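Colleague: With the sequences and hints as input, model every part of the structure.
From first to last, the protein sequence lines stand for chains A and B.
The first sequence begins at 1 in my numbering and counts up by one.
The second sequence begins at 1 in my numbering and counts up by one.
Because the hints were derived from the structure by calculation, they are not lab data.
None of the values given here were measured: they were computed from a predicted structure.
Not one of these hints is a red herring.
Going by beta-carbon spacing under 7 angstroms, a handful of chain B positions derived as facing chain A:
{"no.": "1", "residue": "K3"}
{"no.": "2", "residue": "G40"}
{"no.": "3", "residue": "H131"}
{"no.": "4", "residue": "L133"}
{"no.": "5", "residue": "I138"}
{"no.": "6", "residue": "V143"}
{"no.": "7", "residue": "R170"}
{"no.": "8", "residue": "V184"}
Covered stretches of chain A (chain B as the covering partner; in silico rule of three or more C-beta atoms under 8 angstroms from a C-beta of chain B):
{"no.": "9", "stretch": "35–42"}
{"no.": "10", "stretch": "81–88"}
{"no.": "11", "stretch": "118–130"}
{"no.": "12", "stretch": "158–169"}
Virtual Cβ for every residue (Gly too), placed ideally from N, Cα, C.
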Amino acid sequence: MTKKKMGPQPMVWPHPTVLVGANVDGKPDFAAVAWAGVAAGNPPSVTVGLQPHRYSLKGIYQNRTFSVNVPSVDLVKETDYCGLVSGADTNKVKDCKFKVFYGILNTAPLIEQCPVNLECEVSHILNLGSHILVIGKVVETYFSEDCLTDGRPDISKVRPFAFGPGKYHVIGEAFADAFKIGWEIKGKPQKTAK
Amino acid sequence: MTKKSFGPQPWLFPNPTVLIGTTFNGKPNFAPFAWCGITGGEPPTVSVGVRHQRHTLKGIYQNLTFSVNVPSIDLLKETDYCGLVSGADTDKVKVCGFKVFYGTLNTAPLIEQCPVNLECEVSHVLNLGIHALVIGKIVQSHVSEDCLTDDQPDIMKIKPFVYSRGPTARYNAVGEVLGQAYDVGKALKK
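Modeller: Below is the structure:
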């Protein structure tokens with residue numbers, strides 16, 4: 001077997017790349033996060049792993065709310081920038097020219113330029129060592145209308161990007177239907193008449 | 001503002017597609033999950049959202065271990081197949097021709113054909129409604145040697161894929177490099 005042992009490594013690739021929004025001392029701030037994911041479906045929940053010293057975490061503790069904004073490839077520079085500087089000494093909204101809006105929650109800032117915006121209420125916070133895992137319940141979802149096809153969300157119009165080790169990658173064209181292509185391994189069982 | 005509200009939705013894109021491996025009654029089983037992500041760095045931890053009735057969760061409760069296997073696009077059909085049938089009545093390892101191996105943990109089966117394999121010990125299980133969120137501490141990582149460049153994992157050789165919803169459920173490949181992280185944003189720095 002030609003496998004190399006690399007020790008414990010966080011290698012679930014690819015990672016998404018999202019902008020997590022929080023109000024710190026009443027001011028909106030956004031941080032770039034790759035260690036994020038969907039946790040559950042009903043109620044829909046998401047996870048975000050943040051280092052304890054992060055400025056955005058301060059806002060999450062203050063309000064128990066945050067947002068997840070999915071940037072398109074057009075915002076790759078702005079997204080990366082939000083991971084290079086701290087909101088403690090930089091006004092990222094101004095530097096990146098984000099148009100901020102609010103939905104149901106008054107303390108979860110949303111970025112208009114990002115095609116998908118999730119407003120979240122904190123449900124759990126776990127101390128996992130180097131990172132604090134924030135689990136949020138999604139209370140409302142916003143989708144840019146120009147990213148819809150027949151009124152439904154279309155990821156090919158959202159054009160999100162992924163984070164591999166050290167690099168951002170585009171997401172390619174859809175190349176197979178989920179819950180369908182697998183039947184080619186073994187024929188779909190025929191439904192027997194009742 | 002031209003935004004449409006959809007009510008609460010788990011639309012954090014893109015989602016990875018991984019095969020979670022478990023052992024139930026001594027038999028290895030694998031199921032695909034897109035609701036999976038990294039949760040912490042030191043120790044490295046990973047979360048996966050699993051519906052309560054899943055066969056996978058039975059194995060996780062039995063041993064408190066599981067594996068995360070990152071398939072390449074070459075395993076697309078096998079990965080999808082593992083989500084169409086249940087390990088309760090199907091031997092997915094046999095049907096898919098998976099070569100199973102074990103590392104440090106005896107109850108976290110790993111798939112040799114998957115370029116990346118993580119062995120995990122359960123640290124937390126949270127009831128989040130219709131899903132249980134399983135958080136695991138990664139105790140060992142295995143990477144196929146032909147997916148390394150200068151001894152480091154190379155995502156273009158691993159060729160993982162993502163699961164996307166909308167307008168229908170589909171798989172997308174991870175494409176070309178868009179930019180270097182912690183670098184492209186410097187253009188905005190004054």
